[in-house]
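Residues per chain are reported as follows:
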Amino acid sequence: MTTTPPKFIGARVKRKEDPRLITGRATYTDDVTRPRMLYARFVRSTHGHAKLVRVDAEAARDAPGVVAVLTGEDVKDRIAPLPVAHKIADLKTPPHPALAVGEVRHTGEAVAVVVAESPAQAVDAAEKVSVEYEPLTVVTDVVAASKSGSPLVHADLKTNVAFSMSHVAGDADARFAGAPVVIKQRIVNQRLVPVAIEPRSVVADFDPGYEKLTLTSTTQIPHLVRLLLAAVLGLPEHKIRVVAPEVGGGFGSKLNFYAEEAVLAHVSQRLGRPVKWTETRTEGFLSTIHGRDQVCDLEVAADKNGKLLALKATLYQDLGAYHQLLTPVIPTLTVLMLPGCYTVQDVRIDLKGVFTNKTPTDAYRGAGRPEATFVIERALDLVADATGKDPADVRRANFPPPHAFPFATCTGLSYDSGNYQATLDKLQLAVDYKAIRKEQEAARQAGKLMGVGLSTYVEICGLGPSAAMPAGGWEACELEVRRTGKVVVKTGVSPHGQGEETTFAQIVADGFGLTPDDVEIVHGDTDAVAEGIGTFGSRAQAVGGAALSRCVETVRTKARRIAAHLLEVSPDDVVFEAGKLHPTGVPAKAKTFQEIVDAAYLADQLPPEIEPGLSAVHFFEPSNFTFPFGAHLAVVDIDPDTGKVTLRRYVAVDDCGNIINPMIVEGQVHGGIAQGAAQALFEEAIYDDAGQLVTGSLMDYAVPKASFLPSFELDHTVTPTPVNPLGAKGVGEAGTIASGVAIANAVIDALRPFGVKHLDMPYKPERVWRAMQGGAR
Amino acid sequence: MVSVALTVNGVARSHEVEPRLLLVQYLREVLALTGTHVGCETSLCGACTVLLNGRAVKSCTVLAAQAHGADVVTIEGLAKDGKLHPLQEAFWQEHGLQCGFCTPGMILAAHQLLEENPTPDEPAIRHALEGNLCRCTGYHNIVRAVKAAAAGK
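Chains A and B, in that order, give the protein sequences.
Residue numbering for the first sequence follows numbering that gives the first Met the number 0, beginning at 0 and increasing consecutively.
Residue numbering for the second sequence follows numbering that gives the first Met the number 0, beginning at 0 and increasing consecutively.
Since the hints were made in silico from the structure, they are not lab data.
Hints are not guaranteed to be accurate.
Stated by the list, open to error - Example chain A residues on the side facing chain B (calculated, C-beta under 7 Å, incomplete):
| no. | residue |
| --- | --- |
| 1 | I21 |
| 2 | T22 |
| 3 | G23 |
| 4 | D30 |
| 5 | R33 |
| 6 | V521 |
| 7 | G666 |
| 8 | I672 |
| 9 | M698 |
| 10 | A701 |
Said to hold, decoys possible - Residues from chain B that keep clear of chain A, each with C-beta distances beyond 12 Å, as calculated:
| no. | residue |
| --- | --- |
| 11 | G34 |
| 12 | R54 |
| 13 | A64 |
| 14 | H84 |
| 15 | G99 |
| 16 | L113 |
Small disclaimer: the values here were computed from a predicted structure and weren't measured.
We put the beta carbon where it would ideally sit given N, CA and C, even for glycine.
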């Protein structure tokens, strides 16, 4: 370890990624062209549920520039059904064909693919594909779909329930009996559309000479896509290359394996030419996974001081029509995190994963944890309301004390480190909580509707211990010191805005006394980076950075061995700090890092037991998840005439452990807060009874604009995690996990004069106005 | 087919194009200037924003033919002689971008704002950028970047 203070770790280093991005010189997937490249356009179901009677491609095949039209029948023996990665006992896994065969089960399901010489010819020809549907009954309500007798999404299953699970700890029923406070509340976490600003895109290029497939795709998981392409297409994995070039946002929606990736790869192999597909936005609204869509029937028991006695919850997760890669896994994270940062030990949590005739749901920023945090943070506010206690005090009464970590939760987790009091203290101090409540009192006297909402959250990330992960949870890293003393890092994480080209360079720079410009971070190409898992679940620092950290240590150890040999001392007597290696207490006899690198490569002075070269490979297996936490506060004002909610102020105090680059961490929190605020105030994916996505474009689906949001106030505490050498917990999703419910609690607080106990998101003016009239909850 | 002749980033270009070809498609597919991005087809997201005769327009809602005779500036043309425009510097300094996909359009929309209002306050900045969606930054640092560029930092 260095004894000098870090120079780059902890500093607000400007991003190395930015020069190419601010000058328009980066390459995103749709920017890619290949010689003789063809263009694909998908024909998609316009029905929520129907028999696919006939797909007539004749007129399309004759259209100008068309090279091929393929239907489900054409590919069903060449492309295996799409996989689902899980460890759920008795999960029903109905086949999910890449192109529909016999039946379509959600609007937007791919039915055929048209391949032509130009994008316009493909679009024109796709309109000539004639599809005959026989409508079947559509089911869109998840609770109704879960009941026996419901119309079925997959007739062969005889049920829409893909899986059930229960978690029981302690004796909730006993604790409920005679409890002074018992609250029952249904809480709906509405369906969202992720809307990464870059639409999904795939370029498949099968080289017939080398029999090698190169797939360029907007993916967060290039190595897993490589594995799954091999499985689904029957190609050898070692002859597949997957490239994730610049990727324009993912938020979990690109953590997947999609039909379009499999179909494009197959088409390229079939035709022996490269082929590109890029989704239109309205297409993406139907064909890219959705987020959330969970109903919770909550019961809380508490004592008169607001101490939680027990929780009972029945969760209904709307899976959509099929499993995508992690669809059923997401709500299992809700189960694990339902108790939040509280000591309650008696719980019964039941979860049902239920099919409906909608686009499949899957990971979307927070992936199961915003749902959990929403439920438990609403529960705390409901208890505060029932006991007449302040919401902050009620939370404190339920926190584990700072010395209780690692803290064993009633859902079988071990929270690595935490100090929930400290973040809440810091928050209340920062906003002058008493003054805000006084301001609210005065506002209420004046007939104004001002609300203050809290969210004290803990979340599970740094995914994760391989025992809990369907495809392994490690991350891999290779570090090479080149002859010129520069460093190349090959990491299995796949950043798409998170800045690891900068933060990883900061870590390496401090390790060897270099600057970040001396370090090149390579990612997103499975030919360049041998193995990896990818970027999701706030794991890039906690797992990927940890693997890098090990590589730095291994190379430092070898550097000290070489220096020891050159200096004729024992390796234990060599100090490596600020880019120099010297015997302990004799800094004048230092070798520079470059001199060590020279020795490693010229190799004319190395003893036989030291191999030439200076590099390392490590796979970091995390021993646990990591658990960032924090306290957020929202202030809202509601227009009493229109119900319009204005988010006036948002304050966040977060703890993600040790921070590599505060500027980047703040950026992640800003973006995270915005997406939780979006769910609370603006966004919902609405299906009608025919299974049509009514909010089918950006004209109806209200992704927040700059004028919809305020600037945010951020602060932090640092409670390192013992799980990895960096002490870093991860922060990419924490903002989203906290903010939806902080704003919800503020809105409902604002509506207290109307006796509103609960209101579901989004808090659009009409919903709020109706609640004020004593109407819909 | 129609003939279009226009200046793009200071260079005279002319081509025969289909009448329905959008300006963004002309820039990306014919001129290979892929810095201008497509994020939607309903003119909402603003990733396609370029300058047309000095004014910010959404190039997905302009036909290439409509740009005949015009002077177009894309993100690739903003830096002069290797020197970044103050907005580009400011976005870099203030971490006003993460994935970078909305950034070219965002910078050109901000360019329009600063031409009209050299010292915008926060509400003016947020209002001016209503036509440009960002999913990564929550807009917080974008506002800071525009303020910094305006202040000539």
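Checked hints:
A hinted interface residue such as A/I21 counts as satisfied when its beta carbon comes closer than 7 Å to some beta carbon of chain B; here the least separation is about 4 Å, so the hint holds. A distance limit of 7 Å between C-beta atoms decides the matter here; for A/T22 the minimum to chain B is near 6 Å, and the interface restraint holds. At about 2 Å, the closest approach between the beta carbon of A/G23 and any beta carbon in chain B falls short of 7 Å, and the interface hint on this residue holds. Here the hint on A/D30 is kept, as its CB sits about 4 Å from the closest CB of chain B, short of 7 Å.
A hinted interface residue such as A/R33 counts as satisfied when its beta carbon comes closer than 7 Å to some beta carbon of chain B; here the least separation is about 13 Å, so the hint is violated. Checking A/V521 against chain B by beta carbon gives a least distance of about 18 Å; that is not within 7 Å, so the hint is violated. Hint status for A/G666 relative to chain B: holds, with the closest Cβ pair at about 5 Å, below 7 Å. Hint status for A/I672 relative to chain B: holds, with the closest Cβ pair at about 6 Å, below 7 Å.
Annotation: A/M698 was flagged as interfacial toward chain B, and the flag holds, the nearest CB pair being 5 Å apart, inside 7 Å. The beta carbon of A/A701 is not positioned within 7 Å of any beta carbon in chain B (closest approach about 10 Å), and the interface hint is therefore violated. Look at B/G34: its CB is around 2 Å from the nearest CB on chain A, not clear of 12 Å, so calling it non-interface is violated. With a least CB separation of 19 Å from chain A, B/R54 remains clear of the 12 Å interface cut-off, as annotated.
At roughly 15 Å from the closest C-beta of chain A, the C-beta of B/A64 stays outside 12 Å, upholding its exclusion from the interface. Annotated as non-interface, B/H84 brings its C-beta within 12 Å of a C-beta of chain A; the closest such distance is 9 Å. The claim that B/G99 is not at the interface with chain A is violated, since a C-beta of that chain comes within 12 Å of its own (minimum 3 Å). Interface exclusion of B/L113 from chain A stands, the closest Cβ pair being 15 Å apart, more than 12 Å.
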